[in-house]
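Residue numbers (the numbering used here), protein chains in the order written: chain C, 23 to 378; chain P, 23 to 378; chain D, -12 to 315; chain L, -12 to 315.
Some hints here could point you the wrong way.
Claimed, not checked - Here are the simulated DSS-like pairs of lysine-lysine, each with C-alpha atoms no more than 25 angstroms apart in a straight line:
1. Lys260(L) to Lys292(L)
2. Lys346(P) to Lys281(P)
3. Lys130(D) to Lys76(C)
4. Lys346(P) to Lys365(P)
5. Lys180(L) to Lys76(C)
6. Lys76(P) to Lys131(L)
7. Lys32(D) to Lys240(D)
8. Lys180(D) to Lys260(D)
9. Lys139(P) to Lys130(L)
10. Lys346(P) to Lys283(P)
11. Lys139(C) to Lys131(D)
12. Lys346(P) to Lys357(P)
13. Lys76(P) to Lys130(L)
14. Lys180(L) to Lys260(L)
15. Lys364(C) to Lys346(C)
16. Lys180(L) to Lys131(D)
17. Lys189(D) to Lys189(L)
18. Lys64(P) to Lys76(P)
19. Lys292(L) to Lys240(L)
20. Lys292(D) to Lys64(P)
21. Lys240(L) to Lys64(C)
22. Lys292(D) to Lys32(D)
23. Lys180(L) to Lys64(C)
24. Lys130(D) to Lys139(C)
25. Lys281(P) to Lys283(C)
26. Lys283(C) to Lys283(P)
27. Lys64(P) to Lys180(D)
28. Lys240(D) to Lys180(D)
29. Lys180(L) to Lys180(D)
30. Lys292(L) to Lys32(L)
31. Lys180(D) to Lys76(P)
32. Lys273(D) to Lys260(D)
33. Lys131(D) to Lys76(C)
34. Lys131(L) to Lys139(P)
35. Lys281(C) to Lys283(P)
Said to hold, decoys possible - Chain P is nowhere near these chain L residues, computed Cβ spacing over 10 angstroms in every case:
36. Ala23
37. Asn78
38. Met127
39. Gly244
40. Lys292
No wet-lab data here; the hints were simulated from the structure.
We put the beta carbon where it would ideally sit given N, CA and C, even for glycine.
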Amino acid sequence: MSLPENSQRVLSYVDALRESAELEMSNDENVFVFGLDVDDHKAIQGSTSGLVEKFGPERVFTTPLSEDAMTGVAIGAAMAGMRPIHVHIRMDFLMLCMNQLINIAAKSSYMYGGSVKVPMVVRSMIGKSWGQGAQHSQALYSMFMHVPGLKVIAPSNAYDAKGALAAAIQDDNPVIFVEHRLLYPTEAYVPEERYTIELGRARVVRSGADVTLVGISNMVLECLRAAELLEDAGISAEVIDPITLAPLDTDTIVQSVQKTKYLLIVDNAWTACGASAEILSRVVETMGTNAGADMRRMGFAPTSCPTTPALEDHFYPNPVTISKRIFEMLRGTAKHWEPDSKKAELAYQKQFKGPF
Amino acid sequence: MSLPENSQRVLSYVDALRESAELEMSNDENVFVFGLDVDDHKAIQGSTSGLVEKFGPERVFTTPLSEDAMTGVAIGAAMAGMRPIHVHIRMDFLMLCMNQLINIAAKSSYMYGGSVKVPMVVRSMIGKSWGQGAQHSQALYSMFMHVPGLKVIAPSNAYDAKGALAAAIQDDNPVIFVEHRLLYPTEAYVPEERYTIELGRARVVRSGADVTLVGISNMVLECLRAAELLEDAGISAEVIDPITLAPLDTDTIVQSVQKTKYLLIVDNAWTACGASAEILSRVVETMGTNAGADMRRMGFAPTSCPTTPALEDHFYPNPVTISKRIFEMLRGTAKHWEPDSKKAELAYQKQFKGPF
Amino acid sequence: MTKAISDLLENSSRLDIDGLLRIYEKLLLIRRTEEAIARIYPSDKIKSPVHLSIGQEAVSVAVCDVLNAEDVVGSTYRGHAAYLANGGSLNQMFAEMYGKDTGTARGKGGSMHLVDMENHFLGSSAVVGTGIPVALGYAMAMKKLGRDALVTCFFGDGATEEGAFMESLNFARLHMIPILFVCENNGLAIHTKTSARWATDKLCQRVETYDIPARRIENGDIFNMRNAALDAVSAIRQGQGPQFLECFTYRWKEHVGPGEDYNDDYRGRDELKPWLENDQVTRVAKMISLEDREAIATAIERRLKEAEEFAETSPFPEPEMLYTDVFA
Amino acid sequence: MTKAISDLLENSSRLDIDGLLRIYEKLLLIRRTEEAIARIYPSDKIKSPVHLSIGQEAVSVAVCDVLNAEDVVGSTYRGHAAYLANGGSLNQMFAEMYGKDTGTARGKGGSMHLVDMENHFLGSSAVVGTGIPVALGYAMAMKKLGRDALVTCFFGDGATEEGAFMESLNFARLHMIPILFVCENNGLAIHTKTSARWATDKLCQRVETYDIPARRIENGDIFNMRNAALDAVSAIRQGQGPQFLECFTYRWKEHVGPGEDYNDDYRGRDELKPWLENDQVTRVAKMISLEDREAIATAIERRLKEAEEFAETSPFPEPEMLYTDVFA
Ligand SMILES: Cc1ncc(C[n+]2csc(CCOP(=O)(O)OP(=O)(O)O)c2C)c(N)n1
Ligand SMILES: Cc1ncc(C[n+]2csc(CCOP(=O)(O)OP(=O)(O)O)c2C)c(N)n1
Ligand SMILES: [Mg+2]
Ligand SMILES: [Mg+2]
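Model the full assembly from the supplied sequences, consistent with the hints where possible.
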């Protein structure tokens, strides 16, 4: 499943989110958008802009700072047949509504014997850089992957963002929708019409022969950049984007690892009990004893996120650290290799500059 | 590190918890115990019984139903130099205070540059059986393992329960302390004096040659029972109890797997992004390419927990399903093997009978 | 005109004999159901925690009596009374407690998670307070969808201590959501009295600071509660937004399970006494003819017998059902 | 005696010229610090979000002025004013914003997580409302440890919407905890006005239903706020339990960052006008001699210059420091 280019139009991730919500709201009047500040002039970095003007304050509205109860409100409205999109400007704030998400949303269909549906979308953004620090930079999706009854999606490009958001809205289950802030300005070819992408289907975003790189969310881009650097070392990297984290498409990854015999999962989160642990475990379980593959994980440093750039720079995997890790896996630690520093600089993502 | 028997006294898990709290409270007047119903006549199934009588209501007190704020209160008191033990009768209720645990407790030492300590213990119980259902049976420790700054302990026997609780109380960090309800009546040799066990150190609870079984919390017992059943099939199982889930003692497990070449992690929780995923991933990463070992996970069914015994019985791993899985791993699916049904029945844990 | 007489007039002007019979039938149904469960429980046929409503029947019956068929009810793990007052199926309720496939949640929910969406009874939750914002969201949807329905949400005194309760009050009034909050204040959360959990008992005053009209009914009188509910419900239907009732009541049995626990050290039988004397089932019984009473009782015994048989003879869910309904 | 005169008398009876100078010094320090940050910010030397307190200085200064050295202060991500009013180190604060090893949190916290435990300033949190129960726990510990200290906890109007706030009020009064709650009501949460978030503005009445004395000071007058704080603090010291102040104030700058945003569509400059005219820094300046004013100003400019230099010249933390302090 490669990224289609059969559209002439280039659109940014943030506009894809906006457009997807607009199209789904036009199509189904039960869809509504709410959450802190969705209707102000900043419009969640633009991702909800124009919606209140088009659909009015009954369908696009802010809330008090009451994440816990507001999540219950979303659940109740969903049970009544509506399709709420509940927006949080930081994923960290979902910790305030874990009870409703884990104990009610995830369980209602099951606990009430299938007599209840909870079609809701919880959008939240992962922050990064500019000293956002320990409480504004977490990517806590593995907590949701852990719990049956929730779907989790983390698209890495505008095309998938639009299609996945539409699929999430149309889905009859609670969906945790994760957006990395640094992806917002990134562009892709995006058709103008409504479409969905299939949830639970990974995408090979770059073919390669020597190593399989699985990137999550923003780390897909970092992996692509690392893959470019690795060309200089004669290493051909395949890059896979799971897109949906729950349910997870293990097969696409396993097929690639069977070919390359090397797997590095690069997560935009901590590795302990993270998405990367789940992916690695599944590949091992699927491939069985004689996999003979080398499999590793990279993610946040096992620390809270510091604000100072002097440390923050070392907190995240980046194209250089990713490509060096791959080189070590494939060629051993005896040889030392550094990616070309000019190229590396180009590869590094543009720094996003606050304030936000 | 095997279980010491140099004590003549046999004590139940629940009494070990109680005794440990009592000894630590006697030793350090900054230790206090609070949480819903810690001071009523049921005393959290007996685990806090006698404490209010001995230490008075200033040091042992119930709270309003306000898990979120009460967790903040524990954190604040800990920052001021006290050592709160905050008790929750169900681990599921921790979802109400995730914000304080994840965004404040886990991060304070780091986020405030080491100028703050948060020495607190969060005790919580995992429920099981008697139709406790979806919201009273979750074991959500992997969420805490995911986040740097928290320690997580899940002792499986009375000796470790006493020593680990003391260690947790004396630790200068927030510790999530997990107790399976079905372990409460189980007994072990427990010294009368104060002692701690070393956090971050696993224990080989049964030596074996053919397969490594890692059990977590109550699943240690199920693994031991499965190991007995497997003797009939001529399979010698080594059983390891990590005790501390964060930080995790990978080495002890790896050593065993290097010997047995088979690893089954049996968790008392969901496998997706669970403790079992982390353990499997670490073993793979440590052993590298040529591990050649077969590694698998078992845990809760990937569903919410149903109340009816007709389904609940299939939700949990048990000695029969564990031993059969091992047999399959070692001998292949071609041969069919069932543990002796009489023995299996004996092996099954005594059913715990509600109401609670 | 004395207050007693005016109350009486008001009662009678609002409730005819049919109403009285209807109320008595509900009261007795709940009472007898809970007694049946307490009787059956030691047999271990019900393998799941039960939180009985005995003693608290009048609150649910009074409030549900003034609701329309389209209205929606949300309740708690102590939800038998509300479920039955709202017209839930006795057979399915018993089957659910027995863990049978024919139960309200096909055996997956048990007593704590009764549900009856056809009858507009929201599934209840065993995590205290969590049903409140969910009911609120349902009510918000009723308003947005232009449905002529309101939501009544029952919860205990303990639930009011959870932050989500206050968050819900604020949002309810801010958006003028058609919801009736009913606090069943039985003075206890498990074994802990309100005095050990509440800084003050000014709950209604607190609710009023959100401009949500609040009334406290302390005497357990089913007609007082019904009248208060009637006023509240008509205010809601007139678009006046959320309303609040705090109804004092008393839990006769232990917190969970079929027994009594007056010998445990947190309360004595003296506390029960006034509530026993004030028992609304007995009181309303006296207001109707012996004939009616017997007819109602006979019908209820028959229904209970049927329900027990239905539960006994229904099949357990097949093992494959473990994996169904994780997703809708 | 007119109210104005009695107020004046009351003010003067409580605050001498030294006090006035002390207050002016704090006000100006905060004002000039925030202006310096706004000036420096475009240089990108401060690579972290800043929530400036300009316009809101008087609340922190008034309250902190009546506290003892042993007392403890908790604040929010908009905490520069409270941090400085409580006597925090300007050098360390600047170093922290510059991400330097010499900062309050060794560069790991930034502006949103200022901390100064030696000075009893609790680390602040960027998750709204979360500091309230933490401050409460600290205050509970003070009482349990028999320390003669109270805790003052500052938070915004938005924080009062979080459930933890009400949970904290209840617990504070239930346990008679020595804490002063101070709500800095600037009428805004980011760009959303209170009217779009609050069902009513009866916050103080709500707090009073917990039997927590509450006072609202609407006029931004630093002496009124100081007097109210003085009363509240002495009540707390007399063991009367928690007290509450709601102080109206106004945020002059954008929510986060150094700019103004009166051309964005959520508020106009007309809203600012009365607050500008009522500026307490200017007002208090007029109450003291030109000489004192200049001396204070000169000293502050020198301190600011020093702090900037200190921050500039301090080293960044070494990369290994990424891994320190995860655990204590
Ligand atoms: C969030 C949460 N905390 C604690 C519990 C444990 N618990 C179960 S019932 C109960 C008491 C609730 O009291 P109340 O709301 O007054 O309801 P009642 O049982 O009196 O009907 C408690 C504390 C729970 N189920 N959920
Ligand atoms: C729990 C939480 N929800 C949302 C946010 C995003 N946010 C940051 S500041 C803010 C407004 C807070 O308003 P208030 O408490 O009045 O403080 P002020 O900024 O006005 O000083 C919001 C909503 C947050 N940081 N934390
Ligand atoms: Mg109660
Ligand atoms: Mg504000």
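Hints, one by one, checked against the model:
Straight-line distance between C-alpha atoms of Lys260(L) and Lys292(L) comes to about 31 angstroms, which puts the hinted pair past the 25 angstroms bound. Between Lys346(P) and Lys281(P), the direct Cα distance comes to roughly 21 angstroms. Compliance with the 25 angstroms bound is thereby established for this hinted pair. Between Lys130(D) and Lys76(C) the CA atoms are separated by roughly 20 angstroms; this keeps the pair inside 25 angstroms, and the hint holds. This hinted pair checks out: Lys346(P) and Lys365(P) have alpha carbons roughly 14 angstroms apart, not beyond 25 angstroms.
For a cut-off of 25 angstroms, the pair hint linking Lys180(L) to Lys76(C) stands: about 22 angstroms separates their Cα positions. A C-alpha spacing of about 17 angstroms is found between Lys76(P) and Lys131(L), which places the hinted pair at or below 25 angstroms, so the restraint holds. For the given pair, Lys32(D) sits about 20 angstroms from Lys240(D) by alpha-carbon distance, which is consistent with the 25 angstroms threshold. Among the hinted pairs, Lys180(D) with Lys260(D) is consistent with the structure: their alpha-carbon atoms are about 17 angstroms apart, no more than 25 angstroms.
A hinted pair counts as satisfied when its Cα atoms are at most 25 angstroms apart, and Lys139(P) with Lys130(L) qualifies at roughly 19 angstroms. Distance restraint check for Lys346(P) and Lys283(P): the Cα-Cα separation of roughly 18 angstroms lies within the 25 angstroms cut-off, and the hinted pair is therefore satisfied. Only pairs whose Cα atoms come within 25 angstroms are accepted, and Lys139(C) paired with Lys131(D) is accepted, the gap being roughly 18 angstroms. A distance of roughly 11 angstroms separates the Cα atoms of Lys346(P) and Lys357(P); the hinted pair therefore holds under the 25 angstroms criterion.
Taking the CA atoms of Lys76(P) and Lys130(L), the gap is about 20 angstroms. The hint holds against a cut of 25 angstroms. Proposed proximity of Lys180(L) and Lys260(L) is supported: the alpha carbons are some 17 angstroms apart, at most 25 angstroms. Only pairs whose Cα atoms come within 25 angstroms are accepted, and Lys364(C) paired with Lys346(C) is accepted, the gap being roughly 15 angstroms. Our distance criterion of 25 angstroms between C-alpha atoms is met by Lys180(L) and Lys131(D), whose separation comes to about 23 angstroms.
A hinted pair counts as satisfied when its Cα atoms are at most 25 angstroms apart, and Lys189(D) with Lys189(L) qualifies at roughly 15 angstroms. Simply put, Lys64(P) and Lys76(P) have alpha-carbon atoms about 16 angstroms apart, close enough for the 25 angstroms limit, and the pair holds. For the hint linking Lys292(L) to Lys240(L), the alpha-carbon distance of about 23 angstroms falls within 25 angstroms, and the restraint holds. Our distance criterion of 25 angstroms between C-alpha atoms is broken by Lys292(D) and Lys64(P), whose separation comes to about 35 angstroms.
A C-alpha spacing of about 16 angstroms is found between Lys240(L) and Lys64(C), which places the hinted pair at or below 25 angstroms, so the restraint holds. Taking the CA atoms of Lys292(D) and Lys32(D), the gap is about 15 angstroms. The hint holds against a cut of 25 angstroms. Pair hint Lys180(L) plus Lys64(C) holds up; C-alpha atoms about 15 angstroms apart against a cutoff of 25 angstroms. Between Lys130(D) and Lys139(C), the direct Cα distance comes to roughly 19 angstroms. Compliance with the 25 angstroms bound is thereby established for this hinted pair.
For the suggested pair Lys281(P) and Lys283(C), the alpha carbons sit about 24 angstroms apart, so the restraint of at most 25 angstroms is met. A threshold of 25 angstroms between alpha carbons decides the hint, and for Lys283(C) with Lys283(P) the separation of about 20 angstroms falls inside it, so the pair holds. Proposed proximity of Lys64(P) and Lys180(D) is supported: the alpha carbons are some 15 angstroms apart, at most 25 angstroms. Pair hint Lys240(D) plus Lys180(D) holds up; C-alpha atoms about 15 angstroms apart against a cutoff of 25 angstroms.
Distance restraint check for Lys180(L) and Lys180(D): the Cα-Cα separation of roughly 39 angstroms exceeds the 25 angstroms cut-off, and the hinted pair is therefore not satisfied. For the hint linking Lys292(L) to Lys32(L), the alpha-carbon distance of about 15 angstroms falls within 25 angstroms, and the restraint holds. Distance hint between Lys180(D) and Lys76(P) is fulfilled; the C-alpha atoms sit about 22 angstroms from each other, no more than 25 angstroms. A hinted pair counts as satisfied when its Cα atoms are at most 25 angstroms apart, and Lys273(D) with Lys260(D) qualifies at roughly 19 angstroms.
Between the alpha carbons of Lys131(D) and Lys76(C) the distance comes to roughly 17 angstroms, so the proposed pair stays at or under 25 angstroms and holds. With a CA separation close to 18 angstroms, the supplied pair Lys131(L) and Lys139(P) stays within the 25 angstroms bound. Distance restraint check for Lys281(C) and Lys283(P): the Cα-Cα separation of roughly 24 angstroms lies within the 25 angstroms cut-off, and the hinted pair is therefore satisfied. Taking the minimum C-beta to C-beta distance to chain P, about 23 angstroms, the non-interface status of Ala23(L) holds against the 10 angstroms cut.
With a least CB separation of 15 angstroms from chain P, Asn78(L) remains clear of the 10 angstroms interface cut-off, as annotated. Separation of Met127(L) from chain P is inadequate, the least Cβ-Cβ distance of about 6 angstroms not exceeding the 10 angstroms criterion. No Cβ of chain P comes within 10 angstroms of the Cβ of Gly244(L); the nearest lies about 21 angstroms off, and the non-interface call holds. Here Lys292(L) stays apart from chain P, with its beta-carbon at least about 25 angstroms from theirs, past the 10 angstroms limit.
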